[in-house]
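From just these sequences and the hints, can you work out the full model?
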Amino acid sequence: MSTAMVEARGVRKSFGSTEILKGIDLRVERGSVTCLIGPSGSGKTTFLRCINHLEKVDAGRLYVDENLVGYTERNGRLYEMQERQTARSRLNAGMVFQRFNLFPHMTVLENIVEAPIHVLGRPRNEITAEAQVLLDRVGLGDRGDAYPRELSGGQQQRIAIARALAMKPKLMLFDEPTSALDPELVGEVLDVMKSLAEAGMTMVVVTHELAFAKQVADQVIFMDQGVVVESGPPADVLGNPQHERTKAFLSKVL
Amino acid sequence: MQRQPTITTTAGQTPVPSPEPGDSIPVVPLRHPIRTAIAVVLILVAISAAWDVAANRRYHWDVVISYLFSPQIMTGAGLTIVLTVVSMSVGIALGTVLAIMRLSANPIVSTISRGYIWFFRGTPLLVQLIFWYNIAALYPVIALGLPFGGPSIVIGSANVLISPLGAALLGLSLNEAAYMAEIIRGGIGSVDKGQYDAARALGMNGGKLMRRVILPQAMRVVLPPTGNQVISMLKGTSLVSVLAISDLLYSAQIIYANNYQTIPLLIVASLWYLLLTSILSFFQNKLERRYGRGFDVLTRRIRRPKTRTA
Chain A
6 MSTAMVEARG VRKSFGSTEI LKGIDLRVER GSVTCLIGPS GSGKTTFLRC INHLEKVDAG
66 RLYVDENLVG YTERNGRLYE MQERQTARSR LNAGMVFQRF NLFPHMTVLE NIVEAPIHVL
126 GRPRNEITAE AQVLLDRVGL GDRGDAYPRE LSGGQQQRIA IARALAMKPK LMLFDEPTSA
186 LDPELVGEVL DVMKSLAEAG MTMVVVTHEL AFAKQVADQV IFMDQGVVVE SGPPADVLGN
246 PQHERTKAFL SKVL
Chain B
965 MQRQPTITTT AGQTPVPSPE PGDSIPVVPL RHPIRTAIAV VLILVAISAA WDVAANRRYH
1025 WDVVISYLFS PQIMTGAGLT IVLTVVSMSV GIALGTVLAI MRLSANPIVS TISRGYIWFF
1085 RGTPLLVQLI FWYNIAALYP VIALGLPFGG PSIVIGSANV LISPLGAALL GLSLNEAAYM
1145 AEIIRGGIGS VDKGQYDAAR ALGMNGGKLM RRVILPQAMR VVLPPTGNQV ISMLKGTSLV
1205 SVLAISDLLY SAQIIYANNY QTIPLLIVAS LWYLLLTSIL SFFQNKLERR YGRGFDVLTR
1265 RIRRPKTRTA
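Protein chains in written order, with this note's numbering: chain A, 6 to 259; chain B, 965 to 1274.
Where hints are given, some of them may not hold.
Claimed, not checked - No more than 30 Å apart at the CA atoms, straight line, and that leaves these computed lysine-lysine pairs for DSBU-like:
{"#": "1", "chain 1": "A", "residue 1": "Lys252", "chain 2": "A", "residue 2": "Lys27"}
{"#": "2", "chain 1": "A", "residue 1": "Lys219", "chain 2": "A", "residue 2": "Lys27"}
{"#": "3", "chain 1": "A", "residue 1": "Lys173", "chain 2": "B", "residue 2": "Lys1157"}
{"#": "4", "chain 1": "A", "residue 1": "Lys27", "chain 2": "B", "residue 2": "Lys1157"}
{"#": "5", "chain 1": "A", "residue 1": "Lys175", "chain 2": "B", "residue 2": "Lys1157"}
{"#": "6", "chain 1": "B", "residue 1": "Lys1157", "chain 2": "B", "residue 2": "Lys1250"}
Source of the hints: derived by calculation from the structure; they are not laboratory data.
Here you go:
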């Protein structure tokens, strides 16, 4: 059996005196799609941000590609990583945000080639050609010269996906990628995500799109109040939930 | 390349009268009689004032013209430009450092920045200039060495090292840095927090994140007040005339001390200040457009046809 891409053991996280994550255990297999669902405030987004160390884990262990996130283990002690080291470890995962967070002062193409050039140090002409391929892949091959503000939300989110893919991540994290979109634009983003899943990308998706979860996910995890309530294949968790809280949530959402 | 407009207007939803040629109704534009009357009065006032200024012989326009390009005035203007450019550059550089220090998570670093800003904004610039001019009274000798009375290498006498010009540059730069720090801090604060997340998720950190993502976006907010600062610096350099530095104003003062043509020479100096601030405003405009890219979608659109017809 191969090792998991993401493995969490008793992950805890507090903001001030509020405990957001109360011991999360889960595994994300390589090449699989995991959807995190649950009511707002359940800690899904916080957990996703922990995977990329945008939030610091307070307790427990979180492994991405067999590396402990944010800490180095030596002689039975955990040492907090240097910022530079953290930045490098973040390269394993690409992240897509609810509010897109494209760089507004750069064109679409500049957004995509920015980090490959200035973080990975790759030659501009090489990465520009790759960026064009990525743009074609998300169906926006002709918008390289546009500025993000000139695009619709759905187009911006597809660019954001292309930007994350340009770093050749092993894992893609999606934080409610369609929540800020007008309903008619949700489909185009989900289509790109589906094709990405079909291409074998490991994905962790925080989402409210249960139809997407049902269709694409290998594993659905229902979180509530900082704990994993229920997890398993979508047919089980969404189709035949065992816990009251899952049932209550699904009845409200569906 | 033709770019299709992505901003959908409400025109598509609201029924607009069809502009068919047959049923067009003639439109009578609204008249503004009071507005017109006020405009006429104002134009008359402006013309009479201009006529008065031109006709009043006591302005001595002949003297103004004869001194406008005199070598002494030109040298003074040159020095004013040098003072402005150097003080502003140092002020912006040091101000950026102070702004980043002020935002630091390290409480000591941010407190030091806060203290600096408190001190240099809280004391009059004129006092600071005179202070630096008289620094030799406090520190007759300038030396590099270890603190608390450790060994040191003497560099030279303060009176020699800190010339009046040096004192002026020190005073103006250090004072400016305090103001620029606050302006830049405001600019950095205006950048969406999601931009930090996005940049970090792409593996950027520290200086690269600041230089490539945050500061270019802060520029848009920083530029207009900085333009103000440059212009007030240009005029503020006239304060250094108290240190007997022959900047533009002091050069004019020297001339009128001899020929008693006070008003004409002040006009000469003012004309130069006006010219220089106009040039600066022009460049401010250009820079604002440069850093507005991607934000002011509409200005881009409006500008494009203009360049086409030009």
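Given the hinted pair Lys27 (chain A) and Lys1157 (chain B), is their Cα-Cα distance within 30 Å?
holds, 26 Å
For the pair supplied as a hint, Lys175 (chain A) and Lys1157 (chain B), confirm whether the alpha-carbon distance does not exceed 30 Å.
holds, 25 Å
Restraint check for Lys1157 (chain B) with Lys1250 (chain B), where alpha carbons must lie at most 30 Å apart:
holds, 28 Å
Under the criterion that the straight-line Cα-Cα distance not exceed 30 Å, is the pair Lys173 (chain A), Lys1157 (chain B) satisfied?
holds, 25 Å
Does Lys27 (chain A) sit within 30 Å of Lys252 (chain A), going by the straight-line distance between their CA atoms?
The given pair, whose Cα atoms are some 21 Å apart, holds under the 30 Å limit.
Checking one constraint from the list: CA of Lys219 (chain A) to CA of Lys27 (chain A), max 30 Å. Satisfied?
holds, 26 Å
Taken one by one, the earlier hints all hold for this structure without exception.
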